[in-house]
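J.: Chain by chain, the residues run as shown.
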Amino acid sequence: MIATLAAIVDECDVQINSSYAQKHLQAASTYARRQEQQVLHEAYLLNSDLNEINVAPIFLKGAAYALAKDKNAFGRLMSDIDILVNKSSLPYVEKQLKKCGWHEKEISNYDDRYYRQWSHELPPFYHQRTGATLDVHHTLIPPITGKQLPVSDIVKKAKYADDLGYLCIEWRLIHCIIHFFYNEDYDKPFRDFWDIKCLVDKACKEERIESACSIAKEHGFKDELAFSLYLLEIKYNKPYYSNLALTLNISSWQKLFVKNILIHVVVLRHNLIDSKITKVCSFIMVVRGHLKKMPLKILLPHTCVKLWRMIVGSLLGQHHFD
Amino acid sequence: MNLDLDTGLYTYRFTRLPHYLHEQLELLYDKGLCDLSDVPIDYTVDLQTSGLFRRLFRPQRTFFLDSQRIFNPVPVKNCLPSVEWAMNWCIGSSDHHHLLIHAAVVEKKGKAIILPASQGSGKSTLSAYLGLHGWKLFSDELAIVDLKSNTVNPIFRPASLKNRSIDIIKDIAPQSVFSATTNGTQKGSVAHLKTSTFDDFKKLQPKKICAVISPKYRESVELTINKLNSVQLFAMLVKNSFNYSVLGVSGFKTVNEIVQRSVGFSVKYSSFEQITPFLDGLID
Numbered sequence: 083m084i085a086t087l088a089a090i091v092d093e094c095d096v097q098i099n100s101s102y103a104q105k106h107l108q109a110a111s112t113y114a115r116r117q118e119q120q121v122l123h124e125a126y127l128l129n130s131d132l133n134e135i136n137v138a139p140i141f142l143k144g145a146a147y148a149l150a151k152d153k154n155a156f157g158r159l160m161s162d163i164d165i166l167v168n169k170s171s172l173p174y175v176e177k178q179l180k181k182c183g184w185h186e187k188e189i190s191n192y193d194d195r196y197y198r199q200w201s202h203e204l205p206p207f208y209h210q211r212t213g214a215t216l217d218v219h220h221t222l223i224p225p226i227t228g229k230q231l232p233v234s235d236i237v238k239k240a241k242y243a244d245d246l247g248y249l250c251i252e253w254r255l256i257h258c259i260i261h262f263f264y265n266e267d268y269d270k271p272f273r274d275f276w277d278i279k280c281l282v283d284k285a286c287k288e289e290r291i292e293s294a295c296s297i298a299k300e301h302g303f304k305d306e307l308a309f310s311l312y313l314l315e316i317k318y319n320k321p322y323y324s325n326l327a328l329t330l331n332i333s334s335w336q337k338l339f340v341k342n343i344l345i346h347v348v349v350l351r352h353n354l355i356d357s358k359i360t361k362v363c364s365f366i367m368v369v370r371g372h373l374k375k376m377p378l379k380i381l382l383p384h385t386c387v388k389l390w391r392m393i394v395g396s397l398l399g400q401h402h403f404d
Numbered sequence: 010m011n012l013d014l015d016t017g018l019y020t021y022r023f024t025r026l027p028h029y030l031h032e033q034l035e036l037l038y039d040k041g042l043c044d045l046s047d048v049p050i051d052y053t054v055d056l057q058t059s060g061l062f063r064r065l066f067r068p069q070r071t072f073f074l075d076s077q078r079i080f081n082p083v084p085v086k087n088c089l090p091s092v093e094w095a096m097n098w099c100i101g102s103s104d105h106h107h108l109l110i111h112a113a114v115v116e117k118k119g120k121a122i123i124l125p126a127s128q129g130s131g132k133s134t135l136s137a138y139l140g141l142h143g144w145k146l147f148s149d150e151l152a153i154v155d156l157k158s159n160t161v162n163p164i165f166r167p168a169s170l171k172n173r174s175i176d177i178i179k180d181i182a183p184q185s186v187f188s189a190t191t192n193g194t195q196k197g198s199v200a201h202l203k204t205s206t207f208d209d210f211k212k213l214q215p216k217k218i219c220a221v222i223s224p225k226y227r228e229s230v231e232l233t234i235n236k237l238n239s240v241q242l243f244a245m246l247v248k249n250s251f252n253y254s255v256l257g258v259s260g261f262k263t264v265n266e267i268v269q270r271s272v273g274f275s276v277k278y279s280s281f282e283q284i285t286p287f288l289d290g291l292i293d
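Heads up: the sequence lines are chains D and A, in that order. Under the numbering used here, think of the first position of the first sequence as 83, with each following residue one higher. Under the numbering used here, think of the first position of the second sequence as 10, with each following residue one higher.
Next comes chain A alone, as it looks inside the complex:
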């Protein structure tokens, strides 16, 4: 079964998608799932079935992009997170006309903040919370920065929550739209949270970056804010970029432009109530 998906900046076609994923993707993407047969598709991801025996016993799917295997085989019941990761993989491996930074991006009052952080830092949980509390979630995984305007682009994707963060966000916003939770993935349990409708997403525009914040969640700590100097900020952006070295001079210029026009901080926090006033202060 095939399915087309419009995420704004990129279009996808998934072929041989297991049937149960349709329901889940309809839940998360509403009008983003549409017939794109009249337009060229950016990425066609094929979920190939494994051998004859494995179709009957513990069935798996292997993800291919243009006949290239991008992931090891995944149990059919665990395919939803892999569909999301495959979309990220497509962007990270081939979109070299944007600077790509591993970061969440939130926007308010026309100003964007990017939140680069390593895995387990609470970046996705924080950005999901913000996306449900007055901020627009541009992306919870990728800051996609235009090389000419240096603005950051929104993409229509859900927030990806892992392990404890699933219950934390469900407790805060039980009425929100969540996908089913997939247990036993390489990152543990994973669920996706819808933070906007496709119609609302279409109203979003690329925005200038006003701040770069590296958040780190720690239990029972005081709010600790460290201002980064321009060298530290530059190094942090380069470290978290997927394609800085591919872009060469234009990558350098774009990172430099972000450094010149924004402020950088590393922040330790133990609750959303601690950090949100600080973030609000940055865009006022």
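Just chain D, same shape as in the assembly:
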């Protein structure tokens, strides 16, 4: 988050007197600028490679924020590029990517089966020359959740910048919320929360927030959007939730969940500052994320495999399976 902080400091014209702070902010900012250039360059190449087989990828997450020039894109570091394509085109996309220098990352057979059976994306790819990592999605949420999203409609509503497609603001926001609430780890919760805040602000400014609410209600993400807005209201003391309370009404119990659990999760994570309450609340959110993501009959065996790996890891070292 140092580069994000640098972007905010720059935007707000904050005077920084500490040379220590200046050098780290400047270095992070330089790195983030270069990464944004690299991601956009990779996006052009990918688009061109997939256009050859008549597939127009829609960019998601960090690449989409950069294309849309969202405020959260400034200084945002990302570990991979995410694209959305129609499920029917997946075999052709996979073949074309391999032809263009992308290779599947080495993962265990168990993880490969997990991706292909239950996940909303293929196992990750990396590019042999540039080292970039790519996630190819065929929908925005694992089908194992039982939620079916209208991918064709999402693609139709996509926006374009220089022929590169990216999700419209409503779906960018909802995808971001899905990513946060259906998560399997909470290592970067504050980055995700900052994404949500910037996208909500943009949706409000462009008068698309009601439209985002309608989509969230229609596809079963009403509570998650309401939790996000209620949390923003508490944190920033602005009527994010109150303005939409009639549409997104949540119960007193749900408000207690936001005030007592969620609020302790959306903090910067680091060994030096992690509190016990953050760790406990993050664990609750991980359990919740798993329960939301998978039915019990799949979650239980999956948990057994992961538990076994954890036990072996604690005995033989956590990198035993690497």
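Bear in mind the hints are in silico, worked out from the structure with no lab data behind them. Mixed in with the good hints there might be a few duds.
Said to hold, decoys possible - In silico DSBU-like links for lysine-lysine, alpha-carbon gap of 35 Å or less:
| no. | chain 1 | residue 1 | chain 2 | residue 2 |
| --- | --- | --- | --- | --- |
| 1 | D | 105 | A | 211 |
| 2 | A | 216 | D | 105 |
| 3 | D | 239 | D | 229 |
| 4 | D | 105 | A | 145 |
| 5 | D | 187 | A | 171 |
| 6 | A | 86 | D | 388 |
| 7 | A | 86 | D | 361 |
| 8 | D | 320 | D | 279 |
Start from chain D and add chain A according to the hints.
T.: The following block gives chain A in isolation, referenced to the frame of chain D:
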């Protein structure tokens, strides 16, 4: 056990350091090891222990920087070289307000020479020798070039010697301060040589670069010196830079400035006596 280290341009805190490393680091860094609790630390490296079983049987440490694992687990007895490599990793991965070149840097009479070279070229051995024979060793691994002044910075670090070079330097300067030799690392046997005290290091200042020399040690060869033209010199600096592509325009300008203001050579040599008069000639 924790330990703070001041290397001049960068400060480090090592947490959960195996006890035996304290002695070794005190040997190499003397007053550089100090209490830095009142100042912000640039990099905090945590040497985490592995699983319960591995704490008892063939214990390992895994190096983390800001909760990110930077190296695969290392046997506890082999941690000293990894501590040094971790310090390099911290700089290479995050200091993007300097141009970083994989090179040794030596200085004499106010002029600096940078020695970029690939692994196994004898760069560290040569720079260690020079550091013991009238030159100041600014760094044996990283040329850290300021983007505004284009000067190269000294850092307080020992020279890293590998395999045969350990005995070569020990034979030349047996009275010098060496760390214990760590055998069986990914680079073979590694030992560190102290070339200055912290007090002497504090007197060093950033210096202009007068020459860029790519040295290559070969047994029984005549001294061969090839002058590089500006394109070759530019390409060599870019090839050996860690962050040229990250820095963009300022990286280009800095490399260009070095090319304009210095001379470049590739040199093959078979003994220190062959190459040192040539290097001395460059700063006279």
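J.: The structure should be examined with respect to each hint, and the outcome stated for every one.
T.: Outcome of the hint check:
1. D/105 x A/211: It holds: about 21 Å lies between the C-alpha atoms, which stays within 35 Å.
2. A/216 x D/105: Within the cut-off at roughly 20 Å; holds.
3. D/239 x D/229: Roughly 19 Å separates the two Cα atoms, so the pair holds.
4. D/105 x A/145: 26 Å, holds
5. D/187 x A/171: Holds, at roughly 33 Å.
6. A/86 x D/388: Judged against 35 Å, a Cα distance of about 31 Å means the pair holds.
7. A/86 x D/361: 33 Å, holds
8. D/320 x D/279: 12 Å, holds
The structure shown violates none of the earlier numbered hints.
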